Every structure is written in structure tokens, then in C-alpha cells.
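Note that the protein sequences, when read in sequence, are chains A and B.
Numbered per the working numbering, the first sequence finishes at 480, counting up by one with no gaps.
Numbered per the working numbering, the second sequence finishes at 115, counting up by one with no gaps.
Simulated from the structure, these hints should not be mistaken for laboratory data.
Because the structure is a prediction, the values reported are computed rather than measured.
Treat the hints with care, since some could be wrong.
Okay, the calculated beta carbon distance ranges per label pair [stated by the list, open to error]: (1) B:41 with A:195: 19 to 27 Å; (2) B:45 with A:309: 49 to 57 Å; (3) A:161 with B:41: 30 to 38 Å; (4) B:66 with A:367: 44 to 52 Å; (5) B:45 with A:212: 39 to 47 Å; (6) B:105 with A:379: 42 to 50 Å; (7) A:262 with B:105: 29 to 37 Å; (8) B:58 with A:340: 24 to 32 Å; (9) A:379 with B:66: 49 to 57 Å; (10) A:379 with B:63: 44 to 52 Å; (11) A:283 with B:41: 48 to 56 Å; (12) B:86 with A:298: 41 to 49 Å.
Note that CB positions come from ideal geometry on N, CA and C, so glycine has one too.
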Amino acid sequence: MRLMQEMSQRALDLGVPMSVHFDITYRCNERCVHCYLDHDDHGEMTTAEIKRVLDELADAGTFFLTFSGGEVLMRRDFFELLEYARRLMFNVRIKTNAVMIGEAEARRMLELGVDQIQVSIYSHRHEVHDAITKLPGSLRRSVEAIRFLAQQGLRVTIANVLMTANMRDHAGVLALARELGVQYTLDPTITPKMDGDTSILNLRIPGSELNGVFHNESLVGNVEEFCAAPPLPDEDVMEGYPCSAGHTLAYISPYGDVFPCVQFPLPSGNVRRQKFLDIWNHSPELNDVRSIRARDLPVCSSCSHVGTCTRCPGLAYMEGNMRGPSTADCEKSFQRTGIRSANMIRLDGNHDGRVPSGPLIHILPLSA
Amino acid sequence: MSDKYIAKYIAKSSAIASRLLGGEMMVMSAADSTFFTLNPVATAIWQAADGLTPLSEIVADHVCTKFEVDPETAYRDVERFVDELSRYGILMVSDQPFADSATSPTEAA
Numbered sequence: 113m114r115l116m117q118e119m120s121q122r123a124l125d126l127g128v129p130m131s132v133h134f135d136i137t138y139r140c141n142e143r144c145v146h147c148y149l150d151h152d153d154h155g156e157m158t159t160a161e162i163k164r165v166l167d168e169l170a171d172a173g174t175f176f177l178t179f180s181g182g183e184v185l186m187r188r189d190f191f192e193l194l195e196y197a198r199r200l201m202f203n204v205r206i207k208t209n210a211v212m213i214g215e216a217e218a219r220r221m222l223e224l225g226v227d228q229i230q231v232s233i234y235s236h237r238h239e240v241h242d243a244i245t246k247l248p249g250s251l252r253r254s255v256e257a258i259r260f261l262a263q264q265g266l267r268v269t270i271a272n273v274l275m276t277a278n279m280r281d282h283a284g285v286l287a288l289a290r291e292l293g294v295q296y297t298l299d300p301t302i303t304p305k306m307d308g309d310t311s312i313l314n315l316r317i318p319g320s321e322l323n324g325v326f327h328n329e330s331l332v333g334n335v336e337e338f339c340a341a342p343p344l345p346d347e348d349v350m351e352g353y354p355c356s357a358g359h360t361l362a363y364i365s366p367y368g369d370v371f372p373c374v375q376f377p378l379p380s381g382n383v384r385r386q387k388f389l390d391i392w393n394h395s396p397e398l399n400d401v402r403s404i405r406a407r408d409l410p411v412c413s414s415c416s417h418v419g420t421c422t423r424c425p426g427l428a429y430m431e432g433n434m435r436g437p438s439t440a441d442c443e444k445s446f447q448r449t450g451i452r453s454a455n456m457i458r459l460d461g462n463h464d465g466r467v468p469s470g471p472l473i474h475i476l477p478l479s480a
Numbered sequence: 007m008s009d010k011y012i013a014k015y016i017a018k019s020s021a022i023a024s025r026l027l028g029g030e031m032m033v034m035s036a037a038d039s040t041f042f043t044l045n046p047v048a049t050a051i052w053q054a055a056d057g058l059t060p061l062s063e064i065v066a067d068h069v070c071t072k073f074e075v076d077p078e079t080a081y082r083d084v085e086r087f088v089d090e091l092s093r094y095g096i097l098m099v100s101d102q103p104f105a106d107s108a109t110s111p112t113e114a115a
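Construct the entire structure; sequences and hints are all you get.
Right, here's the structure in full:
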């Protein structure tokens with residue numbers, strides 16, 4: 113792991129887009145209630161266009177390539193693209209609902225040397241999972257596919273997005289993952305739709321449930337460590353950058369739009385009009401993202417969580433200011449540690465109408 | 007130099023991912039996600055591993071001419087390196103040229 117961190121640091125120092133998340137389609141065979149995408153095809157890139165982009169990414173130094181969507185297998189040329197990507201020596205990861213993966217597809221993924229496959233599972237209960245995906249039989253088919261993939265020896269991770277409809281089912285999904293012999297990851301993040309529609313945010317699990325998740329040893333490991341109060345931020349923290357988005361990570365949409373990250377819909381260029389590397393090196397938007405340091409964040413720089421918060425600049429951007437707080441992450445920091453964020457204190461000194469259960473710790477910025 | 011050694015050919019496995027980063031090759035095995043970085047000498051050998059060029063020629067052309075090292079030492083060190091990578095399954099070794107080399111079309115960065 114240390115070697116990987118060293119290479120990530122080198123990629124950062126050299127300005128190399130080491131990881132690219134490439135949504136090759138927004139079309140999907142499921143209609144998940146929390147999905148942030150528009151599934152209509154508004155003119156996605158052709159096979160030849162995507163291959164050209166892959167060539168450009170290889171030239172730019174991209175090593176980790178995630179094919180995602182939509183559902184990647186909705187593209188008839190998926191395996192042609194996968195084969196091409198592997199010939200270019202990318203480390204390929206796939207995000208899928210796996211509904212269209214049978215034994216033959218699983219075998220092909222193994223032959224092509226896919227590194228990891230992440231499958232979305234919302235519940236171990238058919239009635240809950242299928243109600244979220246709106247595709248009858250989807251849990252049965254996804255689980256069957258996971259068995260095929262695991263039998264091939266492929267590394268599979270079940271991604272369990274938590275929302276109000278399935279917030280009590282994580283233990284069941286974790287048990288399912290163990291039974292299948294695959295990894296499990298939980299994500300309580302529901303993001304606004306890419307067009308800015310925030311109506312799906314009401315699916316976010318309430319703070320009390322989040323608190324339970326963060327204090328569940330089977331999910332987070334060492335609870336004491338995970339939920340520890342944040343240490344006093346030092347100079348390194350204040351000079352640090354918020355996340356890898358736009359630094360060593362880029363996102364490309366099926367239409368060729370380049371963003372800093374899949375959760376950060378800041379239009380930064382389009383690979384149909386410009387070479388990827390020109391966008392990566394010269395986009396004013398990406399350079400703006402790169403210029404941000406923790407000390408520059410008007411609210412978060414004065415927050416005790418500044419060094420440990422999962423603050424997502426993309427979510428902050430969708431709230432109106434990429435340098436501002438991401439309230440969803442404020443909530444996570446609060447539920448994890450019991451310590452209210454600077455933004456919560458700033459807003460009204462009261463949280464969710466309840467008396468805060470944790471101590472009120474608020475530090476002044478180091479630069480003040 | 008090549009006459010002194012038993013013919014040996016090396017080719018990259020198709021079950022790996024690799025990319026050049028700041029002059030050093032990153033290599034990851036798809037089988038078990040083992041991650042390696044190769045120093046500039048090893049990177050030069052890796053890039054020359056086309057399955058068709060004898061190892062002795064690779065050492066002569068890509069190591070002895072670029073780095074200050076005598077041929078005997080260079081070949082011995084390269085053999086050790088090749089053996090190690092082959093144990094991890096990321097480099098294939100044969101006494102015959104590979105018919106279908108798994109070399110990548112692009113590795114530059």
C-alpha cells in the first residue's frame with residue numbers, strides 16, 4: 113500500500129491523471145430510485161471515438177481506468193472496448209449491476225484481466241432490492257452473476273448504497289457478501305441529479321441511522337478510532353488539497369464531457385473537441401479546482417474537522433460553491449464524532465431541531 | 007555476447023497492467039493485484055521484452071549501452087530480475103521466441 117501511495121504522490125507531483133472514471137453509457141436496464149443520471153441516449157460516443165480517447169488516456173499516463181455507467185453492458189461493443197483498454201495495459205475496474213453477466217461474460221472478463229468488478233446490491237431481500245432498481249428479478253440475477261464472477265476467481269465488491277428504503281438492510285447485505293466470498297463496501301451518499309435536481313436527496317438516511325452505521329464495528333472496524341475526535345489540524349493539513357478530483361482523477365461522460373470527478377459536474381472540456389491532455393493541462397476549471405487548498409475554504413478552514421472530514425468538493429459545488437461546505441459531509445463528521453461542524457454552528461447553532469449530543473468544539477483558523 | 011548464453015526470450019504477460027510514470031514503470035498483476043515499480047534499468051528491459059528479441063541482445067542494447075556496467079554483471083543481474091518477475095507471473099520466459107507477444111501498443115507517459 114505504501115508503494116501505491118508513493119506512486120499516487122508522484123502522479124500528483126507530475127500532474128498525471130492516474131485514475132479516470134469513464135462512463136461509457138448512461139443507458140441502463142434498471143431505474144434505481146436514487147440514480148442521478150438521465151438514462152436517455154443524447155448521442156454517446158461511438159466505438160471509434162472511445163478508442164481514440166483511450167489512446168489519449170494511455171498517452172496521458174492513466175493507469176487506473178474504471179468503466180461505469182449507466183450499465184456498461186448496455187453497450188454492444190463493451191467487450192470490444194474492454195479488450196482495447198486491456199491491450200493498452202490499463203488496470204481496468206468495472207462498475208455494473210451485473211444483471212447481464214452470465215458465465216460466458218464472467219469468463220471473458222477473467223480472460224481480459226479485469227482487476228475488480230463492483231456490483232450494486234441494495235438489499236438481501238428481493239422485495240427491497242427490486243423495488244429500488246424497479247427491475248423485477250434483479251437481485252436474483254445480480255447475485256447469480258456475482259457467483260459466476262467469483263467462481264472465475266475475479267475480485268468482486270458489493271457496493272451497498274444506503275437510503276431510506278434499505279437503511280436497515282446493511283447487515284443482511286454484508287452477510288450475503290460473506291456468503292458469496294466477495295468484498296463489501298457501504299456508501300450512505302445520495303447525490304443530486306446531474307441536472308441539479310435535488311428531489312432525490314430526501315432519500316438520504318436520517319442522521320440517527322448514519323450514527324448507527326458509523327458506530328457499527330462490523331462496518332467500520334475499530335469504532336473508537338473511526339469515531340475519534342479530530343486532531344488539531346497542522347500546517348500540512350491547511351496546505352493540503354481536498355481530494356484527488358482534478359489532481360490525479362478525471363471523469364469522462366458518454367458524451368465526451370470532462371469533469372474533475374463523477375460527483376463533481378463542473379464542465380471542464382469535451383474530448384470530442386479537444387485532446388484529453390489539452391483539457392487536463394489547460395482547462396481553467398480544472399486549474400481552479402487544483403488551486404484550492406484547505407486554508408482557502410471560507411467556512412471549512414475554521415472547522416475542527418478540516419483535517420479528517422470527507423468533504424466532497426463536488427457536493428459542495430452542487431450546493432453552490434466548490435469552496436464551501438458540503439452539508440452531507442458536515443452531517444457525516446458530526447454523526448461520526450459527535451462534534452458539530454463549523455458550518456452547522458454558523459447556520460443556526462441547532463442541529464435537526466435537537467439539542468446536540470456532542471461537545472461544541474470550534475477552533476480558529478491557523479492563519480487567523 | 008549472445009553466443010555465451012543459452013537463448014532466452016522474455017515477454018510481458020497479458021494479465022498485467024502497466025504504465026510509465028516519471029521514468030519508472032508501474033506494473034500490477036491482474037491475478038493478485040501485486041504492485042511493482044521498476045527502476046530505470048528494469049524499465050528499459052521491460053519495454054524491450056517483446057518476446058522476439060533474445061535476452062542477451064536486450065542486455066547488450068538496452069543495459070550495457072545505457073548504463074555503466076560490464077556485460078557479465080549486467081546479464082547476471084538481468085537474469086535474476088527476469089526470474090523474479092516470472093515467479094510473479096508478470097513476465098514470461100522461454101527458450102523459444104514467443105509467437106504471440108503480449109506487448110502493449112502504448113506505454114508512454
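Of all the hints given earlier, name the ones this structure violates by number, lowest first.
The structure breaks hints 8 and 11; every other hint is satisfied.
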